[in-house]
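Number of protein chains: 2
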Amino acid sequence: MGEVQTLTSLTDAMAEAAAEVELLLNQILAGPKSGQESLFKAMRYASLNGGKRLRPFLTLESARLFGAPDKYSLRAGAAVELIHCYSLIHDDLPAMDDDDLRRGRPSCHIEFDEATAILAGDALQAAAFETLADPKTHPDAEVRTALIKALSIASGGKGMVGGQMIDLAAEHSNADMKMITRIQRLKTGALITFSCEAGAIIGGASKEERQALLDYAHDLGLAFQIADDLLDVLGTLEDTGKATQKDEAAGKATFVSLLGVSKAQQRAELLIENAIERLDIFGDKAAHLRSIANFVVKRRA
Amino acid sequence: MGEVQTLTSLTDAMAEAAAEVELLLNQILAGPKSGQESLFKAMRYASLNGGKRLRPFLTLESARLFGAPDKYSLRAGAAVELIHCYSLIHDDLPAMDDDDLRRGRPSCHIEFDEATAILAGDALQAAAFETLADPKTHPDAEVRTALIKALSIASGGKGMVGGQMIDLAAEHSNADMKMITRIQRLKTGALITFSCEAGAIIGGASKEERQALLDYAHDLGLAFQIADDLLDVLGTLEDTGKATQKDEAAGKATFVSLLGVSKAQQRAELLIENAIERLDIFGDKAAHLRSIANFVVKRRA
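If you read the protein sequences in the order shown, they are chains Y and P.
Numbering of the first sequence is given in the working numbering, commencing with residue 1 and proceeding in unit increments.
Numbering of the second sequence is given in the working numbering, commencing with residue 1001 and proceeding in unit increments.
For lysine to any residue, the following SDA-like pairs were computed, each having C-alpha atoms within a straight-line distance of at most 20 Å:
| hint | chain 1 | residue 1 | chain 2 | residue 2 |
| --- | --- | --- | --- | --- |
| 1 | Y | K149 | P | A1146 |
| 2 | Y | K252 | Y | N174 |
| 3 | P | K1041 | Y | I153 |
| 4 | Y | K149 | P | K1136 |
| 5 | Y | K136 | P | E1142 |
| 6 | Y | K149 | P | P1139 |
| 7 | Y | K136 | P | A1146 |
| 8 | P | K1052 | P | D1012 |
| 9 | P | K1041 | P | N1026 |
| 10 | Y | K149 | P | D1140 |
| 11 | Y | K149 | P | A1141 |
| 12 | Y | K41 | P | M1096 |
| 13 | P | K1252 | Y | G35 |
| 14 | Y | K41 | P | L1168 |
| 15 | P | K1178 | Y | E37 |
| 16 | Y | K178 | P | P1032 |
| 17 | Y | K149 | P | D1134 |
| 18 | Y | K136 | P | I1153 |
| 19 | Y | K149 | P | E1142 |
| 20 | Y | K149 | P | G1031 |
| 21 | Y | K149 | P | P1032 |
| 22 | P | K1178 | Y | P32 |
| 23 | Y | K41 | P | A1170 |
| 24 | Y | K41 | P | A1095 |
| 25 | P | K1136 | Y | I153 |
| 26 | P | K1041 | Y | A169 |
| 27 | P | K1041 | Y | M96 |
| 28 | Y | K178 | P | E1037 |
| 29 | P | K1298 | P | G1051 |
| 30 | Y | K149 | P | N1026 |
| 31 | P | K1178 | Y | G35 |
Simulated from the structure, these hints should not be mistaken for lab results.
Here the structure is a predicted model, which means the values were calculated and not measured.
Make the full structure from the sequences, and use the hints.
This is how it looks when you write it as structure tokens:
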């Protein structure tokens, strides 16, 4: 396939997956009859109609490498997305990154209030584990607990939440490349890695196949973060749906502030080349995972 | 056994269980080598050396009804306690109940800061599910996923978090008995009920036995809340380790404000009588569960 064709195929596949994820999330977040309406409204506000659903797509495509049914991987992907959305709500809070905008709309605590936003995040986290524990996610309970264990580690104090903690502590400090890499490996990398790992778990990957996916996800996650930092510098509010040039204003060290735009771009491209190489053992089946890697560094939002 | 003897036996059993839970939590919350020290410090601060560990004790004693090994139920109990501790951290936040004191010490966000407190709560929730997903909690993955499903529902948007949401929304409103009962059934009741349900799941209870435990927990949970409201009115800071008379100051309707002290006490006692009756089918094995019910309405902190 030529580059244009590949991109069309990827865009279509991503849109299709995003629609499926949306349906699932809509179902998972169906509100109760009375009392907690505002809570469920906030949970739905922060989770529906948003984002490219990159993480669920990674789970879906990783599971497809092993011929695992989409209906399983989509639910695992929806669980990752619930964790991702809860983390965005909490990260935006005044005590944290203090962001008023998210995906071009008021952040959850602006649209509702702080208490509702904290609780909506808490409830989304619980919903993620509830989704994975359900037999609909996989008939084998061993697979379900493996998913839950991996997601709780990836999203917890030694994973995503730990990364956010170090990131907050590192503000206004002279973080170096090693520190920034460590932060991002946890803060955004852990969940991206889990997204691929989930596909390997559902698909019953061999040790070698699982490792190849983990290595791919690892490089992809870092490249993704560098692309995000570049967008913060080069993008506009219109492109990204959130305030840009925030990192510099906050005196925050990033890959771009440490390396400069051009070297950061080079590094992202090198990581993507590495990531794509890891997929060799999967042959043609990994076409979408290869395309998504290229997409990640070329995206504008 | 006479009442004094029973109480001694209960106190001993609770202290023993609390020590075991402490050990487990200490192990579960062992910090990482570098970077997130303050996060783990906050998680440990909010979870260790605190409380009577009522919920884990309920899990332990419920599982013992079926002869299930303590090593399983203690881990499930530790998971409940992690959820309980995360909810206390978040409930104390300025945007929520705004409490500066907890168990006689500065609340987590006072001792650390708000961002750390939010993240510590988030990470404790993840740690609870990580604990349940681990094969050490039960060799049968079906049992582990059943525990995870039940805990995620009990603690999520249609359970504990939902209760806190309705409670916040009901402040300064004219909540009636029906509303207060609904709030408490979710806010504190759901987790107390899960504590007993977990014992039934681990022990492989029959449908009838499970229902008896759920009914017991249901009445116990409400009685516990009424006792808590009474403590808020009648207790002192010294007894409770937290600020008292807060409900009235906040214009918050409680069982006590609606019923008055004497009728609230009567209702709590009636609920406890009911709760104890539910345990008839378990005979002598339920002695501690009966004692704990009496203890709950007579406690001073």
